[in-house]
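Engineer: Sequence:
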Amino acid sequence: MEALEFQRVYESFGEFHSFCAPAFGRKQWREHSRNYLQALLVQGEERRNAENLSESVGISARAMQRFLTEARWDDDAVVGRLQEYLALRLGHPEGVWVLDGSDFPKQGRKSAGVARQYCGRLGKVANCQAGMFLAYVSPLGRALVDKGLYLPESWTSDEARCAAAGVPTERRGYRSKTELALELLTRAVGLGHLRAQWVAGDDAFGMSPSLRDDLAALGMRYVLDVPGNTTYWPLEPAWTRPEYSGTGRPRKPKLQEGQRRTMEQGRDELPQEAWREITVAQGSQGPRVYQFSAQRVRATRKHKPGEEVWAVWRRNLDDSEPRYYLSNAPEDTTLETLAYVGGSRWHIETEFQTDKGDLGLDEYETRSWAGWHHHIAMCLLAGAFLLGLQQDWGKKDAPHHPTASVPGGA
Numbered sequence: 002m003e004a005l006e007f008q009r010v011y012e013s014f015g016e017f018h019s020f021c022a023p024a025f026g027r028k029q030w031r032e033h034s035r036n037y038l039q040a041l042l043v044q045g046e047e048r049r050n051a052e053n054l055s056e057s058v059g060i061s062a063r064a065m066q067r068f069l070t071e072a073r074w075d076d077d078a079v080v081g082r083l084q085e086y087l088a089l090r091l092g093h094p095e096g097v098w099v100l101d102g103s104d105f106p107k108q109g110r111k112s113a114g115v116a117r118q119y120c121g122r123l124g125k126v127a128n129c130q131a132g133m134f135l136a137y138v139s140p141l142g143r144a145l146v147d148k149g150l151y152l153p154e155s156w157t158s159d160e161a162r163c164a165a166a167g168v169p170t171e172r173r174g175y176r177s178k179t180e181l182a183l184e185l186l187t188r189a190v191g192l193g194h195l196r197a198q199w200v201a202g203d204d205a206f207g208m209s210p211s212l213r214d215d216l217a218a219l220g221m222r223y224v225l226d227v228p229g230n231t232t233y234w235p236l237e238p239a240w241t242r243p244e245y246s247g248t249g250r251p252r253k254p255k256l257q258e259g260q261r262r263t264m265e266q267g268r269d270e271l272p273q274e275a276w277r278e279i280t281v282a283q284g285s286q287g288p289r290v291y292q293f294s295a296q297r298v299r300a301t302r303k304h305k306p307g308e309e310v311w312a313v314w315r316r317n318l319d320d321s322e323p324r325y326y327l328s329n330a331p332e333d334t335t336l337e338t339l340a341y342v343g344g345s346r347w348h349i350e351t352e353f354q355t356d357k358g359d360l361g362l363d364e365y366e367t368r369s370w371a372g373w374h375h376h377i378a379m380c381l382l383a384g385a386f387l388l389g390l391q392q393d394w395g396k397k398d399a400p401h402h403p404t405a406s407v408p409g410g411a
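Final position of the sequence shown in the working numbering is 411; the numbers increase by one with none missing.
No lab work stands behind these hints: they were computed from the structure. A quick note: this is a predicted structure, and the numbers were derived from the prediction, not measured. Note that beta-carbon positions come from the ideal geometry of N, C-alpha and C, so glycine has one too. Careful: at least some of the hints might be erroneous.
Said to hold, decoys possible - Heads up, simulated PhoX-like pairs for lysine-lysine below, C-alpha to C-alpha not over 20 Å straight-line:
no., residue 1, residue 2
1, Lys178, Lys125
2, Lys305, Lys253
3, Lys255, Lys305
4, Lys255, Lys303
5, Lys253, Lys178
To be verified - Here are the computed distance ranges between Cβ atoms for each label pair:
no., residue 1, residue 2, range
6, Pro235, Glu322, 23 to 29 Å
7, Asp75, Glu258, 56 to 62 Å
8, Thr263, Gly167, 15 to 21 Å
9, Gly167, Glu350, 39 to 45 Å
10, Glu237, Asp77, 46 to 52 Å
11, Arg297, Glu180, 49 to 55 Å
Make the full structure from the sequences, and use the hints.
Structural biologist: Spelled out as structure tokens, the structure:
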């Protein structure tokens, strides 16, 4: 990198950290936050443990570790500052909130939240920590904007174990993954920096009727993935009305049999002319084009017809890898809009790959509750800085490996 380019990056980093620094409180934690952030950005060749991070910026590994585990800075305040910064970069009328989870394989029993549970990263039940994340996607870019560590019931029912891992007393009550995700979204809406009407998420969220209700109560429109065996009813279900015999109470109408469909059955029954090709994003290998179809139906509630929703189907151009969605969007919503919102989750899958590979999102050695949240908050900051750097330089002019451009040293 030429000297002039290096100076531009150095100045950008200084401005970014100055914007975020007040959230760290005490002067020493502000200084350590700068060192830790620099280390995450410049350390790209080795695992980002405390020793390697400390070597890249010339301070002690002990100082790095204390910054994560002992420093009393508020990671929620840092996230608030992060969202304020990103609002200037990403805020857009077509913004979409994305709820997503990411699992972190972890050995032992003492790390906060670790348990034998399904690990998406490994594709099987394994010892891991489960993180819940909130992201924001707009035509201007995408970023992870908040985080939370899921505590299984084996943790929330064990006060001593929670205390040993430093779990705050107010966080020891059990929260399901969907409840934790809703908490992140509600907090972001309350902060008011980033704004969006839409929410997307995978089928772990879409299959939860209570979450769908909570999102609607929050004033959100959602397009959520659902499993293929999710059922729905026609918009106007047919009922059988038994004739009244003239004595006793009239028999109640019953739903006619054979009306309820799974999303998979509905897909197979769609005529070819019901499908339309729509480009949902620009991928590394060109436009991402899928075929979509949608119908107004009624969701299933307790085995009966419920609220009116959109059922949305997506498939590859070769008719493979179908996806299914439910949406509470209004009747006049276009298929292009439903496709855009549903496709937003793909951007966050890409963001997780980037943050784990380039920023060490999953490379930490801390066991404590605070340590996990502090490390992840710093990784989110690093991702936001790289986003700003890319926007300022322009995609064509940005360094090929922008992480290598951030100055190290004490």
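Engineer: All hints are to be evaluated individually against the structure, with a verdict given for each.
Structural biologist: Hints, one by one, checked against the model:
{"no.": "1", "hint": "Lys178 / Lys125", "verdict": "18 Å, holds"}
{"no.": "2", "hint": "Lys305 / Lys253", "verdict": "14 Å, holds"}
{"no.": "3", "hint": "Lys255 / Lys305", "verdict": "10 Å, holds"}
{"no.": "4", "hint": "Lys255 / Lys303", "verdict": "15 Å, holds"}
{"no.": "5", "hint": "Lys253 / Lys178", "verdict": "39 Å, violated"}
{"no.": "6", "hint": "Pro235 / Glu322: 23 to 29 Å", "verdict": "27 Å, holds"}
{"no.": "7", "hint": "Asp75 / Glu258: 56 to 62 Å", "verdict": "57 Å, holds"}
{"no.": "8", "hint": "Thr263 / Gly167: 15 to 21 Å", "verdict": "45 Å, violated"}
{"no.": "9", "hint": "Gly167 / Glu350: 39 to 45 Å", "verdict": "31 Å, violated"}
{"no.": "10", "hint": "Glu237 / Asp77: 46 to 52 Å", "verdict": "47 Å, holds"}
{"no.": "11", "hint": "Arg297 / Glu180: 49 to 55 Å", "verdict": "29 Å, violated"}
This entry does not satisfy hints 5, 8, 9, 11, going by the numbered hints stated previously.
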